[in-house]
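Number of protein chains: 4
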Amino acid sequence: MRTIAVIGSSQANAEEYAVAYQLGKELARLGLTVVCGGRTGVMEAVCKGAKEEGGLTVGIMPSYDGHEANPYVDLKINTGMNWNRNPIVVASGEMVVAIGGSYGTLSEIAYALILGKLVLGYKTHPVEGVEHLDSLDEIIKRVKNFYGVKA
Amino acid sequence: MRTIAVIGSSQANAEEYAVAYQLGKELARLGLTVVCGGRTGVMEAVCKGAKEEGGLTVGIMPSYDGHEANPYVDLKINTGMNWNRNPIVVASGEMVVAIGGSYGTLSEIAYALILGKLVLGYKTHPVEGVEHLDSLDEIIKRVKNFYGVKA
Amino acid sequence: MRTIAVIGSSQANAEEYAVAYQLGKELARLGLTVVCGGRTGVMEAVCKGAKEEGGLTVGIMPSYDGHEANPYVDLKINTGMNWNRNPIVVASGEMVVAIGGSYGTLSEIAYALILGKLVLGYKTHPVEGVEHLDSLDEIIKRVKNFYGVKA
Amino acid sequence: MRTIAVIGSSQANAEEYAVAYQLGKELARLGLTVVCGGRTGVMEAVCKGAKEEGGLTVGIMPSYDGHEANPYVDLKINTGMNWNRNPIVVASGEMVVAIGGSYGTLSEIAYALILGKLVLGYKTHPVEGVEHLDSLDEIIKRVKNFYGVKA
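Chains as they are written, first to last, in the numbering used here: chain F, 1 to 151; chain B, 1001 to 1151; chain E, 2001 to 2151; chain L, 3001 to 3151.
Keep in mind that the hints were calculated from the coordinates and are not lab data.
What you are looking at is a predicted structure, and each value in this text was computed from that prediction instead of being measured.
Virtual Cβ for every residue (Gly too), placed ideally from N, Cα, C.
You may find that some hints are simply not true.
One side only, chain E facing chain L, incomplete, derived with CB under 8 angstroms [claimed, not checked]: (1) Lys2076; (2) Ile2077; (3) Leu2118.
All chains should be built: construct the whole structure from the sequences, respecting the hints.
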């Protein structure tokens, strides 16, 4: 099973939500399992898109019972660790895409870079080491390249 | 998606391995996703059985990269937390089955009971609160009952 | 600085409270820093005793802000990890004393034994590997022996 | 007991080391307990300074046994969680000072801001929400102000 972590704000704006939703569709078509923080905003959007294309979605949940999962999470990994579950999200994806995001996303970007992961960023924190891209098309192209899928 | 956590020794004896393997087969036939610690012994056996029946297997890994996963783990959740990942295993199953096991398993049983989960035990630690059963048949019957499957 | 972890129920009965309180006094007199889960019951009693003899007390707290600390905790280590903070308690003591206790204590005993620590038990879970003792005097004697203090 | 978290690179350059060392001295004179990641670089420097002025130093250690602690750590809190111990460092300080730093420090800054802590930065990541200051004097002044100490 091949995995990708998608991170971003739990309070995404309309554009971030739309991009994450489209990204989810594309990732599912590529056969990738989407790992995320399981909540609202970008996390919900990418899960929604992935489910509509028959993909598998995983939420690394802050609580012990996963009650806060968005409705498009298939598998809830319940940590009970609140925000301390963030490193697990990025460690469980072979690479990472960040869309927008606040301090939670920043912590995840930091952990992804600690772990030496490729991180693609769309309108996210201007952190050195992130590969910042300006469009969904570019992200998809780079993701395909990473997983060895022909364009 | 319905989940079940299976815990037990990483150094299972032949009988524990055989029981866990058969259990994995049955759980997959019931459509349950198996969550475990992802390593050897009981964890490997239950994943092997589940895979042979087309089930989905999840390993909550001690490391950041999941290199220690047994070959039958589909999805590696990489925690980087060593043994501290144990509570996540049991929190991510709707109920828990314990087969044999040493101190790691004991910590998982304790966390499962803290969280109020049903724990079935087969030749495991004599902890009050665990429902101890003497055969695989009884375990399967009790699991089916829990998930509302007709015998 | 030499440390000792004291674990036990957050809902100690009168006898457990009294034993933990006396133990705290003795540990402080020996110059040991007491590490515990920072909450009520046995944790409160051992901190209270230790403070009355001028000892240093450390609480490994479940929350991010330590609001649940008992009044006798000097240093609050705030984890935000709820019960998942249990392994940190025992890993931070050179040895462990368990007094009574429910499933939380059982998880801590299990982690202490995983880590190869000496665990003394007073009316606690009948776990193999724990050195069960019947009186405070015996516990103190064994603790002194561990830390190389002459009786 | 009043606490302050100091974060920064494990591979500090000479200037960062000198600033952290002087900061440690000042913090100890103010009676503050220094909480850090317990390792080399900025963490070592701040502990060294604090110890020379009789302060108390706490290291939140990545390992289960704290073998990697610098020689100036008084109290080792052993987590066994590798980099996942980072949020505990900042949650355990009433406020945070960041000196230089790489991705580990970035993750700690992010967590401190998630938790609503005051974060002072000296030549560190240009994160919005951090109060960036250009000299040790300014940092000390701001710290005194935070803890209600008259200049």
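Do the hints match the structure? See the list:
A least Cβ separation of about 7 angstroms between lysine 2076 of chain E and chain L falls short of the 8 angstroms threshold, and the interface hint therefore holds. Nearest Cβ of chain L to the Cβ of isoleucine 2077 of chain E: about 5 angstroms, under the 8 angstroms cut. The hint holds. For leucine 2118 of chain E, the shortest C-beta to C-beta distance to chain L is roughly 14 angstroms, which exceeds 8 angstroms, and the interface hint is violated.
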